[in-house]
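Student: So the chains spell out like this:
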Amino acid sequence: MDENRHIEKRILRLEGLSVGYLINKRTNREVLSDLNVELRQGELICMLGANGAGKSTLLRTISGVQAPLAGCVKINGRNVNEYGRRELSQLISLVYTDNTAAGGLTLTELVGLGRQPYTGFFGRLSADDRRVVADSIAAVGLTHKADEYVSCLSDGERQKTMIARALAQQTPIIILDEPTAFLDVASRIETMKLLHDLAINEGKAIILSSHDISQALMLASRLWLISGDGKLIDGVTEDLVLDGALNRLFPDRDVTFDPTIGDFFASTESHRVVRLVCDDQLLCHWLTNALNRNNIITTDEAEITVEVLDRNKFVVDGKHVAGISSLISELKQHFSE
Amino acid sequence: MTVILTAAVVVLLPACLIAGSVSIPLREVAAIISGSTDVNEIHRIIVVETRLPMALTAILAGASLSIAGLMLQTTFNNHLADPSILGISTGSSLGVAIVMLLFGGVIGTGFGSYLSVLMGAIVGAAVVMAVLLAFSTVVKNSLLLLIIGIMISYLASSAISLLNFFSTQEGVHSFVIWGLGNFSGITLDRLPLFALLTLLPIFGSFLLCKPLNALLLGTRYAENLGVNLRATRNWLITISSLLTAVVTAFCGPIGFIGLMVPHMARLMYRTSNHSVLLPATALSGSVIALLCCWLSSLSPAGTIPINAITPIIAIPVIVYIIVNRKNIFYFN
Chain A
1 MDENRHIEKR ILRLEGLSVG YLINKRTNRE VLSDLNVELR QGELICMLGA NGAGKSTLLR
61 TISGVQAPLA GCVKINGRNV NEYGRRELSQ LISLVYTDNT AAGGLTLTEL VGLGRQPYTG
121 FFGRLSADDR RVVADSIAAV GLTHKADEYV SCLSDGERQK TMIARALAQQ TPIIILDEPT
181 AFLDVASRIE TMKLLHDLAI NEGKAIILSS HDISQALMLA SRLWLISGDG KLIDGVTEDL
241 VLDGALNRLF PDRDVTFDPT IGDFFASTES HRVVRLVCDD QLLCHWLTNA LNRNNIITTD
301 EAEITVEVLD RNKFVVDGKH VAGISSLISE LKQHFSE
Chain B
1001 MTVILTAAVV VLLPACLIAG SVSIPLREVA AIISGSTDVN EIHRIIVVET RLPMALTAIL
1061 AGASLSIAGL MLQTTFNNHL ADPSILGIST GSSLGVAIVM LLFGGVIGTG FGSYLSVLMG
1121 AIVGAAVVMA VLLAFSTVVK NSLLLLIIGI MISYLASSAI SLLNFFSTQE GVHSFVIWGL
1181 GNFSGITLDR LPLFALLTLL PIFGSFLLCK PLNALLLGTR YAENLGVNLR ATRNWLITIS
1241 SLLTAVVTAF CGPIGFIGLM VPHMARLMYR TSNHSVLLPA TALSGSVIAL LCCWLSSLSP
1301 AGTIPINAIT PIIAIPVIVY IIVNRKNIFY FN
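Line order of the protein sequences matches chains A and B. Heads up: the first sequence runs through residues 1 to 337, numbered per my numbering. Heads up: the second sequence runs through residues 1001 to 1332, numbered per my numbering.
Possibly wrong hints are sitting among the right ones.
To be verified - Here's a subset of chain A near chain B, in silico, CB distances under 10 Å, partners left out:
id, residue
1, S63
2, V95
3, L113
Said to hold, decoys possible - Footprint (simulated), chain A over chain B, 3 or more residues, beta carbon under 8 Å:
id, segment
4, 1212-1218
5, 1225-1231
6, 1263-1274
7, 1321-1331
Claimed, not checked - Heads up, incomplete: computed chain A residues facing chain B, CB under 10 Å, no partners named:
id, residue
8, V31
9, R86
10, R124
11, A127
In case anyone wonders, no lab produced these hints; they're calculated from the structure. No residue lacks a Cβ here, since even glycine has one placed at the ideal position from N, Cα and C.
With the rest of the complex left out, here is chain A (with noise of 0.2 Å):
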C-alpha cells in the first residue's frame, strides 16, 4: 500500500541515552536513563507522562538543544551533535506554546520564517519560498487568514500558524512540546487531527508530549510513557492500552487507567458494591459513571442489584424506581441502613 511505504524508513533512534541536567561539574541530575527507541517515517508518537517526568528535557535532548548525559540521538544515523545549525535546523522543526513578539508580522510573514534554513543572508524569500509557504498556510486550513496580523488570531489559529512554519521548515521531523495545552476543546481534536493526518500523508515523523489522554489513543501510532521511576515505555498505542501499561504512569497517585474508555479516572474503592443488570451499553456506562461519583461502585457479584428497564425505571430489590436521581438515593438509603 502507498500509505505503508513511509513506515519503512528508521529516521531517529536515541541509543542508550540518558537525559537531565549537569548541576555543577561533578553531579548531574539524571531524569531518564538508557532510553533506545527509534522513530520511524510517517509516525506519530504521543509522549505521556507526569508533570516533572522529564518530557521537555527529553524534547530538548532529542532536538540537540541540551547535550545528553549519556548516549546518543541519531538523526539518519549520525549524530545529532555532528550536524551543522543549517543541516539541523532542516531536520528538526519544533513548536513550542512559547509565547512570542511576532503579533506584528502577517501569518504569512511568521510562516515565511520557517523558510531561513534556506533563504540566503537577509532572508529575501524566492518565488519557489513563497509557494512552500502558501502551501503551509493551506495545510493547516489557515488560507483565508493569510495576510491578519498574527496578534488577530486565536490561540488555536496561533498553534496552528507555528505548525505551519515548521512545515515551511520542511523537516523530516517535527516536534511539538504540549501543542494543545492552551487550546479549547475543538482546537485541541483539529490540531492532533492535522498532526496525524501530517503523519500518515506527508510522512513525517512528528513526537509530541500531551496530557490529553483520549486524543493520544485516538491518534498516536505508538506511545512513550515516561514512568515515574525514569524509564520509558515504548510501544504500539493498543498493546500498551491492553497490557495495563499505562497504570504505571501515575503510580504512586489516586488515579486508575480504565481501558475501556480509555481515560484515567479518580481511584474508586468502595464497601457500597451493587451488581448492574442493563442490556444498553451507553446506558450502562452512564449509570456506572452516577454510581460512581456517589461512591458506589458496580460489579458482577453484589448482594444488591439494580435491574435497568428502561431510561428512566430501575428495580431495586424488588422496589419499582423512577429517575437517576431517585436511584440514587435509593441506594444511599439502601447503605446507611
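Following the hints, put chain B in place on chain A, whose structure we already have.
Tutor: Coordinates of chain B only, in the frame set by chain A:
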C-alpha cells in the same frame, strides 16, 4: 509613509538652517548652499560651519539612537527597552565622566581628547551592555531585566556624582554642558568621522535583519531556525552599544528617541518585520531628531538643550502606546 517622512526631512532640514539666534532667510540659505559667492560672509559661516553640521549630526544621531532602540527592543523582547532606560547611555556617560573629570580631558580641545572621550563612552556602554546580557541569562523575565537596567543606571549616576564631587569646577562645568545634550558640538571637519562611526554600525544593523526577525519568535525558535544565538547576540550588543556610545560621546546622553521612534515606525508602517522596520526606524529617527534640532534653535536666547525637548515630544507618544496597547496591532 516613506514619502511623508522624506517630505518632513526636506522641510525640516532648511528650517534648521534658517532658524537660530540670527535668522537667515531661505533665499540666502539656498544661495549659500549652492555655493554662490554673493552672500553675507558671516551668514555663510553660520550656515556652513554651524547649522549644516548640526542638522546633519541630528540626522545621523536620530537614526543611530532609534536603530539602537529597535535592536534592544527585539533583543530583550521588551517594548520599553532603549539605550537610556537600560542604562547604556548612563554607562557611556560614566565612561565620559571618567575621562573628562578624572583624567581632566576637557571636551573640544584637540583630537586626542576627542578620541579619549569617545573611547570612554564606548567602553562604558559596552560594559553596561555586557552586564545586562550576563543578567539576561539568569533573569528570564524581561520586566525584571529592565528594572536591573534602571538600577545599573542609578549606580552609574551615583559614580558620576562622586566624580563630580571630587573634580575641579571647570571639569564639572564642561561635563554638565555636555550632559544637557546638543547636536552642535560637531564641527564641519569632524563630521566625516562622526558619519563614518555612525553609518558603519547602521550598515551593520541592516545585515542583522534576518536573525532579528527570527528573534521575534523568541530565542528557542530562533535557534531552531539555524540562528547562531551567541554570535547574533554579540553582534547586537556590539552594534547597539557602539551606536549609543558614539552619539553619546559627540552629542551627550540623549534620551527617549531610541524608545519612542521604533514604536512610531511600527505604527506608521504597520509591521514588525525588520526588513521594513529598520530603514523605517532610521528615517523616522532622523525626522524626530531634526524636529528637536529645529525646536531647540527657536529661542532667541540661544540653543535650548536637546534633552529639554525630547521628553516633551516622546513622553506623550509613549504614554499613548502604553494606554492603548490592547488596541495596537503589534502587541501579541
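Student: Each hint needs a verdict: does it hold in this structure or not?
Tutor: Checked hints:
1. S63: holds (7 Å)
2. V95: Because about 9 Å separates A/V95 from the closest Cβ in chain B, which is inside the 10 Å limit, the hint holds.
3. L113: Constraint on A/L113 satisfied, holds at 6 Å.
4. 1212-1218: With 5 residues close enough to chain A, the hint holds.
5. 1225-1231: holds (count 4)
6. 1263-1274: holds (count 5)
7. 1321-1331: Coverage by chain A holds here, the residue count being 3 at a Cβ distance below 8 Å.
8. V31: violated (19 Å)
9. R86: holds (5 Å)
10. R124: A/R124 check passes; min Cβ-Cβ to chain B is 8 Å, inside 10 Å.
11. A127: violated (17 Å)
Violated hints for the displayed structure, listed by number in ascending order: 8 and 11.
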